[in-house]
Amino acid sequence: MHHKFAILDGQTAITGSYRWTIESDEENFEILVILHDTEVLEAYRREVELLWEQASVGSRSGAFHCSV
1 MHHKFAILDG QTAITGSYRW TIESDEENFE ILVILHDTEV LEAYRREVEL LWEQASVGSR
61 SGAFHCSV
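In the numbering used here, the protein residues as written are 1 to 68.
Just so you know, these hints were derived from the structure itself, not from any lab. Treat each hint with caution, since some may be false.
What the hints assert, rightly or not - The calculated label-pair distances, taken between Cβ atoms and stated as ranges, are:
1) W20 / R45: 11 to 21 Å
2) N28 / H3: 11 to 21 Å
3) I22 / H2: 14 to 24 Å
4) E49 / F29: 10 to 20 Å
5) L51 / T12: 17 to 27 Å
6) E53 / F29: 28 to 38 Å
7) G16 / R46: 12 to 22 Å
8) L51 / D9: 26 to 36 Å
9) E23 / E53: 31 to 41 Å
10) S56 / E26: 26 to 36 Å
11) E27 / S56: 12 to 22 Å
Heads up, the beta-carbon is just placed ideally off N, CA and C, and yes, glycines get one too.
Assemble the whole structure, with the sequences as input and the hints as a guide.
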């Protein structure tokens, strides 16, 4: 299993089959759901924390904050 979601500014979560690639954007039929429900956002935030705690490889610097 792999995750395909992002939390934006702690107020919006986006998730779906979208692969975050140019091919996915231009060639595939993907779905992207935008969520604003605070309870759902909290569930996604908890999942990020769990993944973060279990991560062991690579640098974590900048993983939570990046310019877009």
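The hints, checked one at a time:
1. W20 / R45: 11 to 21 Å: This hint holds: roughly 19 Å between Cβ atoms.
2. N28 / H3: 11 to 21 Å: 18 Å Cβ-Cβ, so the 11 to 21 Å window holds.
3. I22 / H2: 14 to 24 Å: 19 Å, holds
4. E49 / F29: 10 to 20 Å: 32 Å, violated
5. L51 / T12: 17 to 27 Å: With a Cβ separation near 19 Å, L51 and T12 satisfy 17 to 27 Å, so the hint holds.
6. E53 / F29: 28 to 38 Å: 35 Å, holds
7. G16 / R46: 12 to 22 Å: 19 Å, holds
8. L51 / D9: 26 to 36 Å: 19 Å, violated
9. E23 / E53: 31 to 41 Å: 32 Å, holds
10. S56 / E26: 26 to 36 Å: Hint holds: Cβ distance 35 Å, inside 26 to 36 Å.
11. E27 / S56: 12 to 22 Å: 34 Å, violated
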